[in-house]
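S.K.: Okay, here's what each chain looks like letter by letter:
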Amino acid sequence: MMRKGLFTASVGMLLLASSALVQAKDFGTLKFATEAAYPPFNQSTPSGKIVGYEPDMVAELAKRVGFKYELVAQKWSGMIPGLVDGKYDAVVDAVTVTPKREEVVDFTHQYTVSVSGFVTLKGSALDTLPGNNEVVTAGDEAGMTKAIDALRAKFKGKTIAVQVATIQADFLNKYLADVATIRTYQGGPETFADLLNGRVDAVMASRTNLNAYVKKHADTVNSTGYGFVGGVLGQGSAIALRKNNPELKAALDAALVSMIKDGTLKQLSIKWFGENVAPAE
Amino acid sequence: MDFSFLQHTLVALLRGLPLTLNLAVLSLVGGGVLALLLNLLRQNRAGSYLARFYVWLFRGTPLLIQIFMIYYGLGSLPAVRESIFWPLLRDPYWCGLIALILNDAAYTSEILRGGLNAVSVQSLEAAKVCGMSRFTTLRRITLPIAIRQALPAYSNEIISMIKSTSLVSTISLMEMTGIADSIVSETFRALEVFLSAAIIYLLLTVLVSKGVALLERRLSPYYAGAR
Chain A
1 MMRKGLFTAS VGMLLLASSA LVQAKDFGTL KFATEAAYPP FNQSTPSGKI VGYEPDMVAE
61 LAKRVGFKYE LVAQKWSGMI PGLVDGKYDA VVDAVTVTPK REEVVDFTHQ YTVSVSGFVT
121 LKGSALDTLP GNNEVVTAGD EAGMTKAIDA LRAKFKGKTI AVQVATIQAD FLNKYLADVA
181 TIRTYQGGPE TFADLLNGRV DAVMASRTNL NAYVKKHADT VNSTGYGFVG GVLGQGSAIA
241 LRKNNPELKA ALDAALVSMI KDGTLKQLSI KWFGENVAPA E
Chain B
1 MDFSFLQHTL VALLRGLPLT LNLAVLSLVG GGVLALLLNL LRQNRAGSYL ARFYVWLFRG
61 TPLLIQIFMI YYGLGSLPAV RESIFWPLLR DPYWCGLIAL ILNDAAYTSE ILRGGLNAVS
121 VQSLEAAKVC GMSRFTTLRR ITLPIAIRQA LPAYSNEIIS MIKSTSLVST ISLMEMTGIA
181 DSIVSETFRA LEVFLSAAII YLLLTVLVSK GVALLERRLS PYYAGAR
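Sequence lines, in order, name chains A and B. Counting along the first sequence from 1, when you hit position 9 you're at 9 in our numbering, and nothing is skipped either side. Counting along the second sequence from 1, when you hit position 30 you're at 30 in our numbering, and nothing is skipped either side.
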């Protein structure tokens, strides 16, 4: 039922957008803000170019909708305020859709489904966390209780690193703050630096982000334990737009849906993540 | 203006005040002691070179880089991680405090040097003629004059250190600026939150400059005489 509803909605958006395309609305040059430090979603090359899943996706969106664009690097903690203030037109930085964020910005159709998980140091006391990479959905209450209880026992007295004001920080504060020390960092790379240095025992972030890191440091770190989705962790990531910009939202939505349908997004996902994280429809 | 939000923000920010004050006071005390030692080093040639090198190094580089060097730089060296200092350097609090102390010492030692130079040879000779011992001269003549001379410049340093504590928010310490930053990224209301933080810092610095002005008055003989 749910799936069918989404499908109908998508077709609706497609129709909306094709009419928008006929009118050929000129968006001028759009500025997309991204952190350029959240691989493989986005990262900067030594020469300063921003590359990744999202830059590729934005390039394709520009082609399909017909706008010029510019990618600007921006610190995560000021990302959404900057959008609201009009410093740029969109944020494309693995921003998960949450009710709190929906109060201040609009979101396009989602372009990844996100699972959040943990990375730990090999050979440490937390070498292997319970859960064996199984994914638990917030709706499954029995599964959640079992997974959280197992993690609480394991994390007792330990320190977990997380980026400030993320859905993972919300998750940790809700379920683990009373047994473990939660240390919040301004940026994602700092959490990993402190894991490698042995200052923290685990890092929590989205699995996509973690896997990219684990691939590079396979001999020192593990992606381990339960993965979580839904609840405080929201529903996957989308492009954030200023409110009251329905034309841009409709155009981007339609282009995203068409990219999901024809498999373009899946291809990009496999190129950057090595797995398909694109939504089904 | 959303007053309930402002009130909520102020309360949350004030939870970071103890850490801000803790870092400011301890870095000034530690930096002061180190500054005095640096000035004592200047008694001989080798020591003087060492003290000048220290001041050159820590005054010539940004505090933010010093914090990063101590926190991330030292932490990335296996030798440091296996040393007896690791329990200390593992903790962001100690890394932040050490960086603040080392930085403060460089500036304070220069301020103190200026103050000590301002003590005239005549007054020291007068003390000698009166038969004061070296320690009594230091206590009654040298230090009171040096401190009084250095005080206006030192009040700048106190204020500067209070504000410098905000930089440790970059190494995951939740003092006032760290808390402000996290509230902004949660509520997206940069103006109100940073304004509240700025007001608290302003009040702190007003208190400090008033306090130092009082102390200056007490240490000045022409005011003290009119008591």
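It is possible that some hints are incorrect.
What follows is a set of in silico ranges between Cβ atoms, one per label pair, in the way DEER data are often shown [as the list claims (entries may be wrong)]:
#: 1; chain 1: A; residue 1: Val72; chain 2: B; residue 2: Ser4; range: 52 to 60 Å
#: 2; chain 1: B; residue 1: Trp94; chain 2: A; residue 2: His217; range: 47 to 55 Å
#: 3; chain 1: B; residue 1: Ser76; chain 2: A; residue 2: Lys243; range: 15 to 23 Å
#: 4; chain 1: A; residue 1: Gly123; chain 2: B; residue 2: Leu36; range: 28 to 36 Å
#: 5; chain 1: A; residue 1: Asn133; chain 2: B; residue 2: Arg15; range: 56 to 64 Å
Interface residues of chain A toward chain B, partial, derived using beta-carbon atoms under 10 Å [unchecked claim]:
#: 6; residue: Ala73
#: 7; residue: Gly78
#: 8; residue: Ile80
#: 9; residue: Val84
#: 10; residue: Tyr88
#: 11; residue: Thr96
#: 12; residue: Pro99
#: 13; residue: Ala161
#: 14; residue: Lys174
#: 15; residue: Asp178
#: 16; residue: Val179
#: 17; residue: Asn197
#: 18; residue: Arg199
#: 19; residue: Asp219
#: 20; residue: Thr220
Note that these hints are calculated values from the structure, not bench results. The C-beta atom is built at its ideal place from N, Cα and C for all residues, glycine as well.
S.K.: Which hints, by number, does the structure contradict?
M.R.: Violated hints (numbers, rising): 1, 2, 3, 4, 5, 6, 10, 11, 12, 14, 15, 16, 19 and 20; every other hint is consistent with the structure.
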